[in-house]
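Protein chains in written order, with my numbering: chain V, 810 to 1210; chain E, 20 to 278.
FYI, nobody ran anything at the bench for these hints, they're computed from the structure.
Among the hints, a few may not be true.
What the hints assert, rightly or not - List time: in silico DMTMM-like cross-link candidates among lysine to aspartate or glutamate, alpha-carbon distance up to 25 angstroms: (1) E:Lys131 to E:Asp153; (2) V:Lys936 to E:Asp199; (3) E:Lys131 to V:Glu1071; (4) V:Lys936 to E:Asp89; (5) V:Lys1116 to V:Asp1001; (6) E:Lys92 to V:Glu1152; (7) V:Lys1116 to V:Asp1202; (8) E:Lys127 to V:Glu1071; (9) V:Lys1191 to V:Glu847; (10) V:Lys1116 to V:Glu1198; (11) E:Lys172 to V:Asp819; (12) E:Lys162 to E:Glu75; (13) V:Lys812 to V:Glu966; (14) E:Lys172 to V:Asp924; (15) E:Lys131 to E:Asp89; (16) E:Lys220 to E:Asp89; (17) V:Lys936 to E:Glu112; (18) E:Lys127 to V:Glu1198; (19) V:Lys1191 to V:Asp819; (20) E:Lys237 to E:Asp222; (21) V:Lys892 to V:Glu1152; (22) E:Lys131 to V:Glu847; (23) E:Lys162 to V:Asp1001; (24) E:Lys208 to V:Glu1152; (25) E:Lys81 to E:Asp95; (26) E:Lys129 to V:Glu1071; (27) E:Lys172 to V:Glu847; (28) E:Lys220 to E:Asp199; (29) V:Lys936 to E:Glu147; (30) E:Lys208 to V:Asp924; (31) E:Lys237 to E:Asp225; (32) E:Lys208 to V:Glu849; (33) E:Lys129 to E:Glu266; (34) E:Lys129 to V:Glu1152; (35) V:Lys936 to E:Asp153; (36) V:Lys812 to V:Glu1198.
What the hints assert, rightly or not - Simulated coverage check for chain V against chain E, where a stretch passes if three residues somewhere in it have a Cβ under 8 angstroms from a Cβ of chain E: (37) 842-851; (38) 915-924; (39) 927-941; (40) 983-995.
Cβ atoms here follow ideal geometry from the backbone N, Cα and C, with glycine treated the same way.
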Amino acid sequence: MKKLRYTSIDGKSSSFLALLGGLGFFILLGFIAFLQMEHEGHHITGMSNQVIWGLPHVFAIFLIVAASGALNVASIASVFNQKFYKPLAKLSAVLAIALLVGGLIVLLLDLGRPDRLIVAITYYNFKSIFTWNILLYTGFIGIVGVYLWTMMDWQVEKYTRIAGTAAFIWRLILTTGTGSIFGFLVSRQAYDAAIMAPMFVIMSFSFGLAIYLLVLLASYSWTGRELGDYVVNRLKNLLGVFIAATLYFTLAYHLTNLYATEHHGVEAYILLNGGAITAIFWIGQILLGSIVPLALLYCPRPARLRKMTGIASALVILGGFSTLYVILIGGQSFPMTLIPGYEATSTFSDGVIAQYSPSIWEFMLGMGGVAIALIIVTLALKIFRLIPESLDDNFAKPHQS
Amino acid sequence: MNPIDQNTDMNQKSTSKLNKIDQYRRQFVGGTVAATAGLALAPGLLLQTVQAKPAEQAVSSKNRWGLLIDTTKCADGCNDCVTACNQEHGLREIHGPATDAQWIRTVKLKNKSTGHTLNMPMMCQHCENPPCVDVCPTGASFKREDGIVLVDKHICIGCRYCMMACPYKARSFIHETLTDQLPVAPRGKGTVEACTLCMHKVDRGDGTTACATACKEKAITFGDLNDKNSLIAKKLATNGGRQLRAELGLNPGVRYQGL
């Protein structure tokens, strides 16, 4: 195997500047949305006292879940000692940090009082999974930062495995914490399920790898670097396994609910008669987000491998957003049962499906978070030597058996 | 005086004695009844003065304030408790029911199979084990020693996790800038709020809440669940009372009769 040469990208072309400009534009839009929401109050959004968390949370939680998953490629290299993945590891760690920062910014800017950030980091209630998440998220950035350092500085390279293992364990706990935001909620029919934590972990594998694949494909294609079929094949096969695993958890979650009569109402709402929610579940999450990518990944025509992998990854991301939309909005809009056997009516939407249509401000804020994550990766690729000049099939040869 | 006359005289004497005894008995019974009635009513009437505490004195876990709602008395279409609460705390209609704060609401319930209907007010249930307090990252959601669940508006960051966690949907988020708030109810944009069980009245020693006072049907009883002599405790002891979503084990301080 020839020695790999890691280089930063040129970043002088007009298309690179256009990319930065485009991302900057979305960040600006996100900032405007934040100012507008904070000035006017949340009444300009689609959120209400019934649907409490809206589109910003779909974006934020998607980015946070994907962040821990994006680290997988690095973990496979450092923790499970798969040398083939080593050249891909630095980008994986940078992407993980970038996605988490993007998600956290959206979460923070959607708070009713974002100016009280100092309160959130000085007053702690340790029974709250949110408190644990504040520590897990900030800790993740620190630990992955150290891990990245051990990968980039030969003097501390010997600590890569320890740092990588710590980051891997941390990311598992982190996504458990994110899933438990819903797993620990006893109030609503769609939540209060232990499966939420492992389901979020497996979802993170899938969403994170899909984003990683798109960023990798774009980085190599847009800079004219060579990326061999073998690398793409390995990663796309892995993505297929993660998609199937996510589907399995989704199936287990709904089957369990369908067995218990008390959950039939919420299941009928999500699977059958929930209108937009049902459509997003079947078309967004299941068909476009799972079945079609699986078909694309496992039945590709060799000549169009990259294209198929790219489309499949984009669809997995679309499916990821759909999944979180169904969990968040579907779970909140279905009414609570105050007294079993009785149907309720009130001025506070008791007993009825709560209406929610996201506003443009929420979308702008969410897209701002995505743009922040992507601009961090873009700038990191320009500043640091993160990716090898070539990952052609010669590099991969020793790994082929 | 012949013996018969003597007898008659004695009889008359004993009769008058018996009459007097009867009178004493009646007085005694009457007095006992009055005393019993007094004892029974006294806590209800005197509770306010008994429970009043100086402002500087901390609230105590000796009390557990709560409400008892008799749904059989709650009149269909009546909104008096809601109006009173809104007036007491300065809650106004702003952008409509989806985003406006509602500390108390009337819920109409209809049995799906029998068609039986009932009405009841819903508000913060002031749980002994409140999920909103558990999930609050900063500790802004808290429970007082006397069982009243509140939000500290100074450290609420507006994350709304408490609203996700509340099984009674009792909390509201302030979706817009507020003006002219009342001193008894500090409220502000971007924070979460809910029924305070009229803590300003409780702490003042009023011994009642705005909703309980406003209810013409006397369907709402406020009182100390820990005080066996309180009216609420007696009503609960005599006729029972159900907790909403009792299976969650949260032990709410608000109880319902007639469900």
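In ascending order, which of the hints set out earlier in this document are inconsistent with the structure?
1, 2, 4, 5, 9, 11, 17, 18, 21, 22, 24 and 25
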